[in-house]
Amino acid sequence: MGMRSRSTALAFVAPSLLCLAATIGYPLVQAVTTSLYRWNLISGTKRWNGLQNYIDIVQDPETTRVVTVTILYTGLSVAVELVVGFALALVFRKGLQKRLWGFPMLRVVLCVPIVIAPLIWAFYFKSMYSPFGAFNVVLGWFGGEPVPWVNSPHLALYSLIIADAWQWTPFMFAVILAGLMTLPSEVLEAARVDGASWIQVLWWIELPLLRPVLLVAVLLRLIDSIKNIDLVLVITQGGPGTSTEILNFFAYRTSFQAFQVGYGAALALIVLVLILGLVLILLSTLRRLGSVENDA
Amino acid sequence: MEQHIAPPSQTVTRRNLLKGAVAASGLAAIGASFPCPALAQAKTINVLTLGEGIFGQPFVDLAPEFTSATGIKVNAITMGYNEAIEKQVAAFAAQSSEYDVVQVDSIYIKGYAKAGHLQPLDSLIPNDQLSDYFGDIPLTFKDMYAADGKTYGMATIGNCQRFVYNGAHLKAVGLGIPQTWNDLLIAAQKVVDPSANRFGFVAGTERLAKAFSVWLPIFWANGGVLFDDKMKPIFADKTGVDALIFLLELVKTMPTGGAAYTEGDETKAMATGLGTLDPVAWIPDAYTTADAAIKPQLGTGVSPQGSATRAPVMGGLGLTVSKYAQDASAAAQYVAWFNSRDVQIGKIVQHGGQPCRNSAWAANASAKPWFPAVAESLKVAKVRPQIPEWSQIDGEVGVQLSRAFAGEILPQDALESSQKSVDGIMRDAGYY
Numbered sequence: 001m002g003m004r005s006r007s008t009a010l011a012f013v014a015p016s017l018l019c020l021a022a023t024i025g026y027p028l029v030q031a032v033t034t035s036l037y038r039w040n041l042i043s044g045t046k047r048w049n050g051l052q053n054y055i056d057i058v059q060d061p062e063t064t065r066v067v068t069v070t071i072l073y074t075g076l077s078v079a080v081e082l083v084v085g086f087a088l089a090l091v092f093r094k095g096l097q098k099r100l101w102g103f104p105m106l107r108v109v110l111c112v113p114i115v116i117a118p119l120i121w122a123f124y125f126k127s128m129y130s131p132f133g134a135f136n137v138v139l140g141w142f143g144g145e146p147v148p149w150v151n152s153p154h155l156a157l158y159s160l161i162i163a164d165a166w167q168w169t170p171f172m173f174a175v176i177l178a179g180l181m182t183l184p185s186e187v188l189e190a191a192r193v194d195g196a197s198w199i200q201v202l203w204w205i206e207l208p209l210l211r212p213v214l215l216v217a218v219l220l221r222l223i224d225s226i227k228n229i230d231l232v233l234v235i236t237q238g239g240p241g242t243s244t245e246i247l248n249f250f251a252y253r254t255s256f257q258a259f260q261v262g263y264g265a266a267l268a269l270i271v272l273v274l275i276l277g278l279v280l281i282l283l284s285t286l287r288r289l290g291s292v293e294n295d296a
Numbered sequence: 001m002e003q004h005i006a007p008p009s010q011t012v013t014r015r016n017l018l019k020g021a022v023a024a025s026g027l028a029a030i031g032a033s034f035p036c037p038a039l040a041q042a043k044t045i046n047v048l049t050l051g052e053g054i055f056g057q058p059f060v061d062l063a064p065e066f067t068s069a070t071g072i073k074v075n076a077i078t079m080g081y082n083e084a085i086e087k088q089v090a091a092f093a094a095q096s097s098e099y100d101v102v103q104v105d106s107i108y109i110k111g112y113a114k115a116g117h118l119q120p121l122d123s124l125i126p127n128d129q130l131s132d133y134f135g136d137i138p139l140t141f142k143d144m145y146a147a148d149g150k151t152y153g154m155a156t157i158g159n160c161q162r163f164v165y166n167g168a169h170l171k172a173v174g175l176g177i178p179q180t181w182n183d184l185l186i187a188a189q190k191v192v193d194p195s196a197n198r199f200g201f202v203a204g205t206e207r208l209a210k211a212f213s214v215w216l217p218i219f220w221a222n223g224g225v226l227f228d229d230k231m232k233p234i235f236a237d238k239t240g241v242d243a244l245i246f247l248l249e250l251v252k253t254m255p256t257g258g259a260a261y262t263e264g265d266e267t268k269a270m271a272t273g274l275g276t277l278d279p280v281a282w283i284p285d286a287y288t289t290a291d292a293a294i295k296p297q298l299g300t301g302v303s304p305q306g307s308a309t310r311a312p313v314m315g316g317l318g319l320t321v322s323k324y325a326q327d328a329s330a331a332a333q334y335v336a337w338f339n340s341r342d343v344q345i346g347k348i349v350q351h352g353g354q355p356c357r358n359s360a361w362a363a364n365a366s367a368k369p370w371f372p373a374v375a376e377s378l379k380v381a382k383v384r385p386q387i388p389e390w391s392q393i394d395g396e397v398g399v400q401l402s403r404a405f406a407g408e409i410l411p412q413d414a415l416e417s418s419q420k421s422v423d424g425i426m427r428d429a430g431y432y
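Taken in order, these protein sequences are the chains called D and R. Mapping of the first sequence onto our numbering: position 75 corresponds to residue 75, and the numbering continues sequentially without gaps. Mapping of the second sequence onto our numbering: position 114 corresponds to residue 114, and the numbering continues sequentially without gaps.
Just so you know, not all the hints are guaranteed correct.
As the list claims (entries may be wrong) - Mimicking SDA-like on lysine to any residue, the simulated pairs with C-alpha atoms at most 25 angstroms apart in a straight line are:
1. R/K252 to D/H154
2. R/K73 to R/K252
3. R/K230 to D/K126
4. R/K323 to D/K126
5. D/K46 to R/K230
6. D/K126 to R/G407
7. R/K87 to D/L28
8. R/K252 to D/L155
9. R/K420 to D/A134
10. D/K46 to R/G301
11. R/K252 to R/G301
12. R/K142 to R/A328
13. D/K126 to R/G80
14. D/K94 to D/W203
To be verified - Some chain D residues close to chain R (C-beta under 10 angstroms, calculated; not the full set):
15. I42
16. T45
17. G143
18. E145
19. S243
20. Q260
21. V261
Unchecked claim - Sample of chain R residues lacking proximity to chain D, with all beta carbon distances greater than 12 angstroms (derived):
22. K43
23. E86
24. G135
25. L175
26. D193
27. G346
28. S421
Everything labelled a hint here was simulated from the structure, so no lab data went into it. Just so we're clear, the structure is a prediction, and the values are computed from it rather than from any experiment. C-beta atoms are modelled at their ideal positions from N, C-alpha and C, and glycine is treated no differently.
Put together the whole structure using the sequences plus the hints.
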């Protein structure tokens, strides 16, 4: 590309770059700067603290607990969504291929939770999980004892995982179903002609072929799940005890309930780095898979 | 034969458009240099208040009356408690002129004043009005809204914890209304009957801001002290641990999930007759939402007596004028109007609020069944330390207490861990 065409190209992208710098660059620089201060928003006390906030985060035993809860919450949510989404996709592929009545309609209905705003979803579940909520009322109809869905430290995290999976399994389902429907039928036919059972076809042919789709879906959900805060914020506020305190909520609580914005900014930047790490993994894997396919 | 007459050309050329725009701007500029008297008088103030129940309803309902009385328009911005606090903290930190009047929780007043975010009202509100006001409120209110000898806010809505109980449940087991915390524990244990769907203690035990305020009245009532004279935390002593052990015994008598009840659960438990004794209720919603069968069973009193005193936790929200207000004088008029004798006596209660003036409590004593008890409670209620670090301390201690409620850690460990965190916060803030 010549110098002239390069500068023309730069001139065209310059407005976008400026917008990006203003909307992402400036807040990011502000966040990094803030994270280097001890800053109490109520009293306005602001003092240079260098990297001490980051050191404190690493040394704080609370951090280990919060990270553990975050890994459990993220890992289990995405795992449930993947397994249930995959199973549903297999069932629906069969139904759609056999043109069974109601399946096209059901496919749409199943995806409705995705279009509901996460905050609204959280309020639905807050009301349903309440000791006086719908789940306990239904249990009561059948003579069951009320269950402390989000009021017991042993249950709360799993209740949040169910709420998360309920909303996002349809996303996995839709992505995987789309992937399944585009698999080359001649390869699957050939395997069946060679006498492969359905489980062998699934394990040895479909899953490897679906790998890029699954990877993208899982990584997108992992990223989304790590930055999720709505369910915890609305339903449990990180409790009971510290049983549902995830990293992002911990950052929120530090910044907007304890009003220690410096420490909170440092925590938020750590979450950002984690997410960026996942994005890099996603991109490099996609690139690798793309080059493998091209080589083939 | 029809005749087609061509209309005169109406094409808008770029030149014409530019001419028009220039002419319009010129006219606007000329108009602006001759201010219209009617428009100049129509001041508007932005008021940030809570939009909920006793704390916010009067401000929403009475804004038109204030406008007709003063000619000042009110742009009322109302929202939930947490959102309102976040908004005001962010606006103050940014020195934004977004709000003229800000409704502030009393625990934040001194912090905001210290940071210079509030305007002293002494120079904005006439002396006679201020004297009339301060001669007519509980003394604690005056201290709560003052700093460095200046007044930074007016209480407006007076509130503190009150004791709500179900008299029918107590009567069913042959007990009267408990007067001491020990009596309350005995009663809570005695009334529990899961087969009758009847439980003992009820409180908002969820972490963050709630858990701490459940333990505090027991701790204070038994002579507990949070900080020494150098502001070093000393609450993890025997009194503190005993108060927490006592509280955990009470929590055992709560309905299922009681160890992490929200304020909504707390209200609902009393309103449905599930719970019997809520000595730390902040709002009257159990009464207002109870069904017809339960409502007559509910009673209200002052928080029980400990070995030293009665000590419900003082709350309340006051009106302040932002340092960055666009019109501080109009904002101060709003604050003064809502705290005036007439409005406090004749309008606040009628529009769902709770007054702060003694005369208003006296005049409205029978307006609501819980009013006499709240008026009595305000006289003995204790104020939480009004330091800028309080919200951080509240959160830290609240989390550890919640862990104790949930059985994650022992009471001693919860308090020692809290005290260590608070010690770090105070040291970091430069208290010692």
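Problem - In rising order, the numbers of the hints this structure does not comply with - result: 2, 3, 4, 9, 10, 17, 23 and 28
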